[in-house]
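**Q** Each chain, letter by letter, is given below.
Number of protein chains: 2
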Amino acid sequence: MQGPIEQFSAILGKQYVLIEDQDKAPYLTDWRKRFTGKALAVLLPKSTEEVASIVKLCSANNIGIVPQGGHTGFCGGATPDNSGKQVILNLKRMNQIYEIDSANQTITLEAGCILQAVQEKAAAQDFLFPLSLGAEGSCMIGGNLATNAGGTNVLRYGNTRDLCLGLEVVTAQGEIWNGMKGLRKDNTGYDLRDLFIGSEGTLGIITAAVMKLYPLPSSQWTTLVATDNIASTIALLNLFQKRATALLTGFEMMTQESLALNEKHFPQMANPLKGNPPYTVLIELSDHESEEHVRKLLERILEEAFEAKLISDAVIASNLSQANAFWHMREHITLAQAEEGANLKHDITIPLSFLDRFIRETDALMRQQFPGIRIINFGHLGDGNLHYNIAPPLGSDPKAFNLAHEKAIHDLVYGQVERCQGSISAEHGVGQLKLDDLRAHKGEVAHELMKTLKRALDPQNILNPRKVVSI
Amino acid sequence: MQGPIEQFSAILGKQYVLIEDQDKAPYLTDWRKRFTGKALAVLLPKSTEEVASIVKLCSANNIGIVPQGGHTGFCGGATPDNSGKQVILNLKRMNQIYEIDSANQTITLEAGCILQAVQEKAAAQDFLFPLSLGAEGSCMIGGNLATNAGGTNVLRYGNTRDLCLGLEVVTAQGEIWNGMKGLRKDNTGYDLRDLFIGSEGTLGIITAAVMKLYPLPSSQWTTLVATDNIASTIALLNLFQKRATALLTGFEMMTQESLALNEKHFPQMANPLKGNPPYTVLIELSDHESEEHVRKLLERILEEAFEAKLISDAVIASNLSQANAFWHMREHITLAQAEEGANLKHDITIPLSFLDRFIRETDALMRQQFPGIRIINFGHLGDGNLHYNIAPPLGSDPKAFNLAHEKAIHDLVYGQVERCQGSISAEHGVGQLKLDDLRAHKGEVAHELMKTLKRALDPQNILNPRKVVSI
Numbered sequence: 001m002q003g004p005i006e007q008f009s010a011i012l013g014k015q016y017v018l019i020e021d022q023d024k025a026p027y028l029t030d031w032r033k034r035f036t037g038k039a040l041a042v043l044l045p046k047s048t049e050e051v052a053s054i055v056k057l058c059s060a061n062n063i064g065i066v067p068q069g070g071h072t073g074f075c076g077g078a079t080p081d082n083s084g085k086q087v088i089l090n091l092k093r094m095n096q097i098y099e100i101d102s103a104n105q106t107i108t109l110e111a112g113c114i115l116q117a118v119q120e121k122a123a124a125q126d127f128l129f130p131l132s133l134g135a136e137g138s139c140m141i142g143g144n145l146a147t148n149a150g151g152t153n154v155l156r157y158g159n160t161r162d163l164c165l166g167l168e169v170v171t172a173q174g175e176i177w178n179g180m181k182g183l184r185k186d187n188t189g190y191d192l193r194d195l196f197i198g199s200e201g202t203l204g205i206i207t208a209a210v211m212k213l214y215p216l217p218s219s220q221w222t223t224l225v226a227t228d229n230i231a232s233t234i235a236l237l238n239l240f241q242k243r244a245t246a247l248l249t250g251f252e253m254m255t256q257e258s259l260a261l262n263e264k265h266f267p268q269m270a271n272p273l274k275g276n277p278p279y280t281v282l283i284e285l286s287d288h289e290s291e292e293h294v295r296k297l298l299e300r301i302l303e304e305a306f307e308a309k310l311i312s313d314a315v316i317a318s319n320l321s322q323a324n325a326f327w328h329m330r331e332h333i334t335l336a337q338a339e340e341g342a343n344l345k346h347d348i349t350i351p352l353s354f355l356d357r358f359i360r361e362t363d364a365l366m367r368q369q370f371p372g373i374r375i376i377n378f379g380h381l382g383d384g385n386l387h388y389n390i391a392p393p394l395g396s397d398p399k400a401f402n403l404a405h406e407k408a409i410h411d412l413v414y415g416q417v418e419r420c421q422g423s424i425s426a427e428h429g430v431g432q433l434k435l436d437d438l439r440a441h442k443g444e445v446a447h448e449l450m451k452t453l454k455r456a457l458d459p460q461n462i463l464n465p466r467k468v469v470s471i
Numbered sequence: 001m002q003g004p005i006e007q008f009s010a011i012l013g014k015q016y017v018l019i020e021d022q023d024k025a026p027y028l029t030d031w032r033k034r035f036t037g038k039a040l041a042v043l044l045p046k047s048t049e050e051v052a053s054i055v056k057l058c059s060a061n062n063i064g065i066v067p068q069g070g071h072t073g074f075c076g077g078a079t080p081d082n083s084g085k086q087v088i089l090n091l092k093r094m095n096q097i098y099e100i101d102s103a104n105q106t107i108t109l110e111a112g113c114i115l116q117a118v119q120e121k122a123a124a125q126d127f128l129f130p131l132s133l134g135a136e137g138s139c140m141i142g143g144n145l146a147t148n149a150g151g152t153n154v155l156r157y158g159n160t161r162d163l164c165l166g167l168e169v170v171t172a173q174g175e176i177w178n179g180m181k182g183l184r185k186d187n188t189g190y191d192l193r194d195l196f197i198g199s200e201g202t203l204g205i206i207t208a209a210v211m212k213l214y215p216l217p218s219s220q221w222t223t224l225v226a227t228d229n230i231a232s233t234i235a236l237l238n239l240f241q242k243r244a245t246a247l248l249t250g251f252e253m254m255t256q257e258s259l260a261l262n263e264k265h266f267p268q269m270a271n272p273l274k275g276n277p278p279y280t281v282l283i284e285l286s287d288h289e290s291e292e293h294v295r296k297l298l299e300r301i302l303e304e305a306f307e308a309k310l311i312s313d314a315v316i317a318s319n320l321s322q323a324n325a326f327w328h329m330r331e332h333i334t335l336a337q338a339e340e341g342a343n344l345k346h347d348i349t350i351p352l353s354f355l356d357r358f359i360r361e362t363d364a365l366m367r368q369q370f371p372g373i374r375i376i377n378f379g380h381l382g383d384g385n386l387h388y389n390i391a392p393p394l395g396s397d398p399k400a401f402n403l404a405h406e407k408a409i410h411d412l413v414y415g416q417v418e419r420c421q422g423s424i425s426a427e428h429g430v431g432q433l434k435l436d437d438l439r440a441h442k443g444e445v446a447h448e449l450m451k452t453l454k455r456a457l458d459p460q461n462i463l464n465p466r467k468v469v470s471i
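Going line by line, the protein sequences match chains A and B.
Per this note's numbering, the first sequence runs over residues 1 to 471.
Per this note's numbering, the second sequence runs over residues 1 to 471.
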């Protein structure tokens, strides 16, 4: 009788079953280098039928499957465990864009398409595929769907979930569910689509999708403004929501400490706003009418914000390259943190009405309990999404500091999140990183419901075991 | 030992347990009068805790529960069966609006709130609650969520699902899941919220919700335009999507035959467009800037449409009352059909790229196979949602005609829907009406997944049995 490796090879062809250590290595460690696992093999299928055959084979042999796309996740959701008995199913060879349907404004594609390739393909036909995030050059649409990825355009266009109309999924039994419809309305039974989206490969393997497209904006205006406190920043957001409504496509907040770290590692990223303000906000408006229309609208709203004393300074990008520079400032904070060394990340959401309280209280508790720490707080404020990250005190050893305080710091932040009715994972998901925190966060009833669903759809527990929920 | 009626009374108080025939009668027949059932009792709880106690009691006694809101659904989803052993759980007494959170732009409320009351409460604080549909004066938010209701604003704001951020649900075991969060981003595990939304009370009973609000538009402009065919109508939609994008809040299509029926029963509803055009399209733009801005934009787009020969005539409403008259024209088609007598309704979605083919082919087949029938086709064309309804030939007996041809007509329409990759229920749901059609429409894999979910979450099959999916 053949062993599983031979059987995988019979399905995929030998060259797409990686079993040598040096071939497997690139697939075994997550992007943040927090998790490294082992794998029996890395499998590279080319079609949905191959995925289905692999799943059936794994089911028959009780082999755990870790689905993987670009492997850029922050929570170790696509990294295998240490048993060496799991297989990684990487979908990168399934990278066909099947069709752009102009009248229906949809794009139909395989799970292994790289996000940026999808954006570019859409743009070439005058459409916007709105999903946009730091990893877009390497993350894949299947992973975006599996984790319900967020990013900078959620404020206007929603999360990946909101951009998806149809899915194809291989179930834990190796059946293929063809739900590839491009419909805006479809009330025919349970919402299977949204159950698979965000389930991080634990309920089924997403192999293809139909995604929404939008008309490409004809002009965008980007501005940086200075605010003194979170209350004004939220009032400013509400003002923009009221005046610019759907034209508001970006509202990102950066604290003084975040930009100081940026400037330390990337001196060319200096804040063009004077006086080192407590909060710097990047605001982007996108328009389909005319450059003049959106510029005047932006100027009118900024004027109103000045008069209401919500902002103390503003710089409007005078051209595309300055606008890009503003966005780079925002995006480089993560890189500056990486340069600075180990830090503790919290990807959280807080309802906007609690955000001021959350930041004031949490900052104070943090500085009181961990003197000298640096709070690198920035994020998609328009969505209530903070990346509330903690860097150790200057001069301390980051690894030793984190080892000593990681749990206490997480507990402090997550305790505050609970008090403010927030979420401990806004856009990065659960993976293995937050598996243990999830039970308390969701509460017993929700956690039991999740376990019931996992048991029902994957009773053998072969799909990405011990990610999201443990049964 | 007490019987169930005494136990219900002990939980709710005797006056909220209706057992007399004349008291139960109003809850037993659906709005379209297609389904009449019997019930052991009609239960009127006041709180989530009471709902949970009722469910526990029903579980212990194996009593089927039919959750009910305004009971305005079109598919018999809230009407009990004929056994007389089920109870109706009507949530109308749970009608508190708890809070409008202005900074967070959310409204928190109980399931029994009437939709129109929610719209009005929001408007009083300068917010738009976008869900809008014919039954809004009596339908309830819990029913809207349970059926994922659509309506006229889906084009811009999505279905009820898209408007919901948080839910409270009583499970089949009588546990209360508190998922009442007002967050735009929350990736903490499986999407329980969307699983309950649209499940028509078969997986859990929705008792409260947190819904999104939007800034109230400051001005709206409504126009009626004449088109010659569906291809032009879709090109016109795409033009409006490109030029007006998020300002486009309504795009409704009415055929010549639909408006002829309207005029027959409501002569005051005459089409203000000249020459009795094949298709009349109602277009609404909503703006937050100024009346002048939106009026000019509308005029510019119409001019472009005239030049491209997409439209042959246009009338812009000169004031609010004329705009309302245009909308009434659209809304009265359903009433005109009711006046005309029994007819066969199909609430379907077709991808926009297939819509022209669908209508041409289906119209031709229909007229060929059923000479003299009248095709009352109208709907939310912007969403690809047609109400493709069939009235019997003039002079024939409607009941006899329907009895003889109902199945053949449904089969013809649904067969065409399958060929065009559409949905057999766009916004009305499944209920008991489409239960038998669903299996073939979804395909075996999806249908088995649905049954697996139903069995997992409601193994006793006490929540709205034999609606949506039968186990």
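Bear in mind the hints are in silico, worked out from the structure with no lab data behind them.
There could be a bad hint or two in this list.
Just so you know, same-sequence chains aren't split out, so a pair can sit in one copy or run between any two.
Think about it this way: if two alpha-carbon atoms lie no more than 30 angstroms apart in a straight line, the pair counts; the simulated DSS-like pairs of lysine-lysine are [what the hints assert, rightly or not]:
#: 1; residue 1: 345; residue 2: 264
#: 2; residue 1: 85; residue 2: 14
#: 3; residue 1: 264; residue 2: 242
#: 4; residue 1: 451; residue 2: 296
#: 5; residue 1: 46; residue 2: 296
#: 6; residue 1: 296; residue 2: 242
**Q** So, for every hint listed, does it hold in this structure?
**A** Results for each hint:
1. 345 / 264: within (20 angstroms within a copy, 67 angstroms between copies)
2. 85 / 14: Within. Shortest intra-copy distance 19 angstroms satisfies the 30 angstroms Cα cut-off; inter-copy 61 angstroms does not.
3. 264 / 242: neither (37 angstroms within a copy, 43 angstroms between copies)
4. 451 / 296: neither (53 angstroms within a copy, 55 angstroms between copies)
5. 46 / 296: neither (50 angstroms within a copy, 52 angstroms between copies)
6. 296 / 242: Intra 16 angstroms, inter 21 angstroms, cutoff 30 angstroms: intra and inter.
In the structure shown, a violation is registered for the earlier hints numbered 3, 4, 5, in ascending order.
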